[in-house]
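Trainee: Work from the hints to combine the two standalone chains into their complex.
Protein chains in written order, with my numbering: chain A, 1 to 410; chain B, 1 to 204.
The set of hints was computed from the structure by calculation and includes no laboratory data. There could be a bad hint or two in this list.
Unchecked claim - Residues from chain A that face chain B, not an exhaustive set, calculated with beta carbons under 7 Å:
{"#": "1", "residue": "334"}
{"#": "2", "residue": "336"}
{"#": "3", "residue": "339"}
{"#": "4", "residue": "342"}
{"#": "5", "residue": "346"}
{"#": "6", "residue": "348"}
{"#": "7", "residue": "400"}
Backbone N, C-alpha and C fix where the C-beta goes; we use that ideal spot for every residue, glycine too.
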Amino acid sequence: MRIRTAITAWDRATWKRRARLSAVAAASAALVAAAVPLGAAPAGAQITTRPAVTLAGSVGALPAASATVVVDVNVPTDLNSAGDPQQINEVPVASATITSSGFSIPVPASSTLQQAEQQGHGTVNFTVMAVSGSDLTAEGIPAPIDVSPAAANAAQLATQAAGIVQMPAFAAFRPMTATQAAAIKASNSAVSDSATPNIIPPCTWKAYGSQYNDLTRVGEVHVANTSGLSDTFWFRHQNDETITFGYSASNPDGNWTGGGTISLTNTLSANGYHTFGQGAVDYADVTYYYQRYHDYIGECPGSYEILAVGSADVVNPGTNTPPVNPYGGCKNDHYGISFSSPGGWDYDVGRGQTYSGIATVFGFTFGGSDGFNTDVEHDYTAASGAATTWLCGSPGDEITNSPIIYNTTG
Amino acid sequence: MPTRRRASRFTSWLAVMITTAAIAACGSADPAAGPLRMQTVGGQPVIATSFIAVVPGQTADAEAYLDNDANAPVRITAVSAVSAPGFATARLVDVGVATSGHGLATARGWPPPVPSRPAIGADLPHGDIGLFFGITGPAVSHNYAVAGLKIAYTYQGQHYSLVAWAGATACVAANPDSASSYQSCSAYTTSVNTTVEKLAGLST
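Isolated chain B, as found in the complex (with noise of 0.2 Å):
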């Protein structure tokens, strides 16, 4: 089991290779037409906006839903934070795929507390997919969000991208557990679910 510094070291790494590959993986014919979606609920895409309040580098964990529509698995290959416009961009951290079937509406520190194992390379089969993220920011006494993740795979050789929306907020508290930080953090995380919303379609 890593020690924290060497886990940091390994997540700093990480982020950057995350970013780094996701801008290499642009460049295909028609990135959007894979068989990776956003779950969707009668039509909608299923869409939750968590938040939980952290001390300075631990991790906001969340989850997008996925489904892949092929027969053949998937792979990813790299993995962005998208924008809330008008909020602090919070740093994707790391991200995981669900193994168990349990999934995640909040938890602090990554990993998350239910089982996962790293997504980038990994292989998605057909079907439902949760797919983890863990987000921070820098300064304490912030909030950063994200309104989703850009997910770079390639199916079949081809290379392909998908937005899935998925509205996070990490609140950066010295004292995360203070009835103030929550209430902050709420308060921030409504304002985020309604942009959220709008990127997604959802509402107007």
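Extracted from the complex, chain A is given alone in its bound form (with noise of 0.2 Å):
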């Protein structure tokens, strides 16, 4: 059952009644320690004093004597017919005053955060925003909570063991627009009147224009050139693929920068393949569905967002041609494996090889990677009176650890 979410004007005034309380605590306390998490929850909601998941990393050097940061937790809404949000709220969940570039920010459980992984099949995206004095930075990224042991990979598995997420790098701090100065000056305007805001307003991000529908690499298939030879690539979402994102400061058409990665969490069930027959070396592709969301306020770390916001259950072959096994043939690979025919093997687990232009859509060029997942497996088989062949990974990798595999006649 798809879960809406809507803030109601209830919630709003909650979390600003919460937020300037926490904002008190925060501003008295000026190092990494002092996190302190934000009410996001609505009264009533239960909240435990262990966090959920701990964010930490760096914003880089600061430009003013100090940072805000502010963990937001973004929860799809608005879902249309084929259940991609129209709108995605990024609710603040926890927060902290930095003197220095590192943080390390407990979120506590909330509704908000349940909502969230009931939503995103225990992935929550966050984004972390940081405003020191007029400039600000921000980071998206996905943090596995709550995915079960059998959907989770082993990275995910260790993050949610571990509780924390370390996050890479930021983006380097950049002048604020005039209507996010003018927003974030409103929301602090009874609070403080200091360089560096206490009060980092939540953000509402609205769908701009129609969805995109774009054919993006999702992997690759090598066959033997031999008679009745064939690899039937099966694409299974479920929740494991990471994907970059952009943010514009001004232009929906252009001018993106990278804003993180983030979980695919449509609800969509996805499962399709498409069968390459002899000598195919092709790129695999799966139709996604991107979507361009505008900030209509001022409050989101960008004017305009753009996500890929699902997937499709159609594979089919890609552009261009994808590099051929790098031995010249797999019985040259310590770890080649031999293939006879009439016969077939069903690779079921695939690590996703990770593209760094899966897709270019509205100027931004889209990064990703199936990640480790049971998404991605490869049937191949020959028919009789195919000669026999042989099975590969990439150099240096068994098979069984390889993001491609490669099929060759020797």
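Mentor: Below is the structure:
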């Protein structure tokens, strides 16, 4: 069952009241240890003392003496018939005031977090935004909090066990736009007139323009050039796809900068395949749905945001051709495996390859990886009469640990 | 090199020994706590399901992917077939350990076409291990499958066991190179694979 969310006026008022209370505490603490969770949840929500997760990292050199760092939970809402959000609420759930680049912010359990977990099948997309003086920076990251062991990969399980998400480097601080500065000034007018705000308001993204579908690279296929050989590439979307996204300060059609990564949290079931025949050396593409969002108020890290919001269940051969096996043949690979006919080899667990240019939409080039997953499956078959061929993985990798599988005649 | 008849007798004897040893090896306090495990990718077990059509008496060869976590070797004492519920269970004929790095997707006849040594009594060093196995079935025009292998082994004097999921199908046919036997075998194995994935916890 899909859960719909809308932040009501009551919620927003509650958040602002609690945020102000938290801001007082945050202002009194100058160091990382002063991280204070915000009460984002409506009254009555259970908030435990043990954090659900701690986000840690570095925002880089501060432009001013201090910075306010706020952790937002991304809550998709107003889903369309395809299950894709027409609005994304970034709800503050924790904050800290820092005087150096490092931060470590515990995020408490809350109903907001729980809701995001349910929508994301245990994974929550966070945005961490830092404001220092008149500059800001932000970085998005998915955090596994309650992914079921059957669906989780090792990295997710390790993160869940440790309870800490180490964030990658943030983009350099950039000047706030006039609307951003005004929105933050308004939020802080009752609290402080210092250069660094204590409150960063919640942010609401609304869908801008129509959803855009584009073929997106998710893998590659190599089939020996021998009669009777084929590989059926399966793609099962199970919330393991990590994909970059972008912000633009002013232009919905360009000037994008990387905003970090998200985990696709659409609840659509995608389970597609395509059979590649003799001699195929192709990328495998899946149709992804992309959506631009606009911040009409000025409270978000950018004026526009571009995201992948879902995927379809159709696999197609992609454009261009991936590099062929570097050994000249899998028999030359120390880890090559022999494949005789008439038979088949169905490899159930794939390690996704990371590609830097999986799709370019409205001028933003996405990168992504299907991670360690059970989403990609290769079914190689050798029909009657087919010559024995060889299978292998990337150089130096056993085939069981390789994001790419090659099939060659020798 | 043994003649085919001697080899056949030997494999029959070995199959009995494998089964007998598997039964005898059970009984350690915590048999699953040993260092031998399935290889994993991203926390999920590495599983491949394979099929091949064979003539009567010929083995369908496949591979299970193991990992010895310990720095000291473990010794395999017995291996037996694990049934795939709902499918005729293949007879496990022989088991070998990969010795060259090369592995096996599918092959017909034992020994497989890549270097191996007998598994029973073999000491497996630390790291990834390919365990080859050959299966077959008695009746022509019938398909047989296993969901994996139960492996009994010793480590530092203690007895342990492990179920390694590795789906494999032997489709016994008078003419295994016919298109019909291939298609029948492929469809049968799709169902076997679904069952193995469930048994291994990869799907529900």
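Trainee: Compare the structure with each hint and give your call.
Mentor: Cross-check of the supplied hints:
Residue-level restraint check for residue 334 (chain A) holds (minimum Cβ-Cβ distance to chain B is 4 Å; threshold 7 Å). At a threshold of 7 Å, the smallest CB-CB gap from residue 336 (chain A) to chain B is about 6 Å, leaving the interface hint in force. A distance limit of 7 Å between C-beta atoms decides the matter here; for residue 339 (chain A) the minimum to chain B is near 4 Å, and the interface restraint holds. Annotation: residue 342 (chain A) was flagged as interfacial toward chain B, and the flag holds, the nearest CB pair being 4 Å apart, inside 7 Å.
At a threshold of 7 Å, the smallest CB-CB gap from residue 346 (chain A) to chain B is about 5 Å, leaving the interface hint in force. Because the beta carbon of residue 348 (chain A) sits about 5 Å from the nearest beta carbon in chain B, less than 7 Å, this interface hint is met. Taken as an interface hint, residue 400 (chain A) checks out: its beta carbon lies about 4 Å from the nearest beta carbon of chain B, inside 7 Å.
The structure agrees with every numbered hint stated previously.
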